[in-house]
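Engineer: Here is how the chains run, residue by residue.
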Amino acid sequence: MTDLARRSFLRTGAATGGGLLLSLTLPLTGGAQAAGDGPFAPNAFVRIGEDGRIVLVMPYVEMGQGTYTAIPMLIAEELEVTLNQVRLEHAPPDEKLYGNPLVAGVQATGGSTAIMASWQPLRQAGAIARTLLIAAAAKRWNVAPEACRAQAGEVLHPATGRSLKYGALAADAAKLPVPKEVALKDPKDFKIIGTPAKRLDAPAKVDGSAVYGIDARPPGVKIATLAQSPVFGGRVKSLDDAAAKAVKGVRQIVRLDDAVAVVADHMGAAKKGLAALKIDWDDGPHAKLTTDQIARELEQATLAAGAVAETIGDTAKALASAATKVEATYQLPFLAHAALEPMNCTVHVRKDGCDVWVGTQVAARAQAAAAKVAGLPLDKVVLHQHLIGGGFGRRLEIDGVTRATEIARHVDGPVKVVWTREEDIQHDMYRPYWFDRLQAGLDEKGRPVAWNHRFAGSSIIARWLPPGFNKGLDPDSVDGAIHLPYGLPNMHVEYLRVEPPGIPTAFWRSVGPSHNVFVVESFMDELAATAKQDPVAYRLALLEKSPRAKAVLELAAAKAGWGQALPQGVGRGVSVQHVFGSYLAQVAEVEVAKNGSVRVRRVVAAVDCGIVVNPDTVKAQIESATNFGITAALYGEITVKDGRVEQSNFDTYQMLRLDEAPSIEVHIVKSSQAPGGMGEPGTSAIVPAVANAIFAATGKRLRRMPVDPAQLKRGDGR
Amino acid sequence: MAFNVKINGKQHSVDVDEDTPLLWVLRDVLGLTGTKFGCGMALCGACTVHVDGVATRSCVTPVNALQGSEVTTIEAVGKTVAGARVQKAWLDHEVVQCGYCQSGQIMSAAALLASTPKPTDADIDGAMSGNVCRCGTYGRIREAIKQAAQSGSKGG
Ligand code: FES
Ligand code: FES
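Protein chains in written order, with our numbering: chain A, 1 to 718; chain B, 1 to 156.
Fair warning: there could be bad hints in the mix.
To be verified - Label pairs and their computed distance ranges (CB to CB):
id, chain 1, residue 1, chain 2, residue 2, range
1, A, Asp240, B, Met1, 44 to 50 Å
2, B, Asp92, A, Arg217, 30 to 36 Å
3, B, Gln150, A, Gln673, 37 to 43 Å
4, A, Arg53, B, Asn64, 47 to 53 Å
5, A, His483, B, Gly53, 41 to 47 Å
6, A, Ala287, B, Gly68, 34 to 40 Å
7, B, Ser115, A, Glu299, 52 to 58 Å
8, A, Leu239, B, Ser13, 52 to 58 Å
9, B, Gln150, A, Ser209, 22 to 28 Å
10, B, Gln150, A, Pro219, 41 to 47 Å
Keep in mind that the hints were calculated from the coordinates and are not lab data.
Quick caveat, the model's predicted, so the values are computed rather than measured.
Note that the Cβ used here is the ideal one computed from N, Cα and C, for glycine as well.
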């Protein structure tokens, strides 16, 4: 039984147009207010219409992670309907239909939070609705509610064989008080949760009918593309647009302070016009910036003490008496998101209002950004949410909406601003560059008795959610560096926030752990090698207090055939982590050619992510995140020279391709714990597994990413 | 000047510059938005269509090169035998994630199966490695192509 009286996360009432409406508050990313705290501010709705249709409106957006399928499963399970009876709608940022202000804290989809956050409240909402519908039926039949039960969208009274569809009961149910307690199903009775339900969004994605932000076509829409200052912080000094204006189909040139846009009938004309522009830029203060300069600043910073993120025991003392000391520095590069759908946003600014068509992970912020630029009150801005062609954190930012609205202010009618791939890569907000110092002491048996880790890099939380940054720390930057699954008797972790000049940073798939897990799991491998012990056995010995981590590591190693002989030039590497509420171990099998090129042949993953809502989604997410991480490990690097990002398209910012993709096996450990996140963990775990496999194959330890084949060349290099 | 292009069996006259890539004619002029923009440089395959049955990157195919050709897009590929099989296999294997690359993936796969009904792994590598999937659905794409080839060989 769940005590609902204490928690004001849910209300019921009559829906506009008849039927039952449940309004509830789902917790969201980044320290947003938890359900039940503060004033009631719902952000999700379940509407049971008199026509029997069940519509779920929710604040999470589909970016490919399967949320649009997994979330309805939670409701359907407790409401006793089949999955295909539930229809999902995007939550608009302000929903007049429901008469309630939306958004508690920040309306956002990110941090693998959707399932974790909605696991309890959505099942409760389903159970409450079911209880109310049963009560309404019982009242109508004048029988006890206990004598009725719900099944497949109907309430049944088995004793008399009577039944009533939910639609016929919804209006009555809306008049009943919310029950004080509802019983949630025992997991063993689940009919939908835990089954590999088909993705609800798939059919429209195989026939071209799915509508992404970039596909928005309000009547009369013009297409614009843009050039932004190639150096962050630069401005337009002078502009010659005569040739651009002469291009057929070009309608207008919009000059902003730090960008120029070409508005045209179609993107072909807009791009041609853009190429014909002669823009003289004032590069501003970052005209000479290089990646090396940023890396040196970070390295310097780590010579001083940082904010203490975690400390256990006394590492100084332990180090002094250690039999062996190991030290290393690690570095990770800036990375672009490179979602396949380039940045885009369509805006129509009018005197009295504004419409925005976009796929965003932060609808409310996007609406506010447009309102600010358009100089309109929030309620005059209507945001039309769309599917996202890959988010990975990029659509947690609203710079694209701001930019599009700045342009749209100068355009009569709606304008779709589409970034070229080059703009998308060169004006991204990047995964931060990181510099790490590590130091460990081993006892005479090779066990780690001291672990010091100090690192410097940008804090995204400090900009994105300032209250989340406290006393020099934020939960994301240190995620994966502290609260390790390993039992380390003396451990000390420090973080230094250092913002790179002139390079904006942002969340990137698996964020903090994408950095920390690489460093921790690589260094742990170094310790095992120093101790001359097997990397799996070495880790297992430290996981006594962490049975779930131990179990996934054992399973992954067994399934991968850990210890079996491999040909020359091939190696296996392992990693294990506990982040985003899930335990994951990965074994990568890597082949290093004589010329130093690296191929990941096979990946075996074992995961314990608590109760699995949709096992196929879990598998798909690990496959996806693994390939995403391998792309970063083998190719991912954004470099800056003369203040400019040097990469521009998929030739210079390479993606893993089908002929290079490994076979990936995913093994799920059965668990009755609450669900953990699955959208991101695979990305952080695979990078150290690949680096450790390269070490096993070649004896070379890679302490910075991406892999540099020149470093791995053997013999004559052919 | 105006160009005649035959798309999905229908003639269209479009008034654009002769070097305008087909991609923008499809998406912006004709409103066939199923074909996607990813790179504009034949590097990602998101914009793949069939020109006389051959997988073609529409982002680098000028409209004046299409006189007398038949263009098929994702909106109509389901009417071809290979296209319908590929779409079904894609659903059976739950290939899609964000889905943005999948129009192009399906067009490349359908062209492969139309020309090579029983592709080897190497054939699949050759036909599909020009299509980027940022969501990393490659393993499922390979499996789905194999299933679609199987269903073809069974005559179904
Ligand atoms: S958009 Fe044509 S290949 Fe990328
Ligand atoms: S499914 Fe997202 S890019 Fe392929």
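Engineer: Run through the hints listed earlier and report the numbers of any the structure violates, in increasing order.
Structural biologist: As far as the earlier hints go, 1, 5, 6, 8 are violated by this structure, in ascending order.
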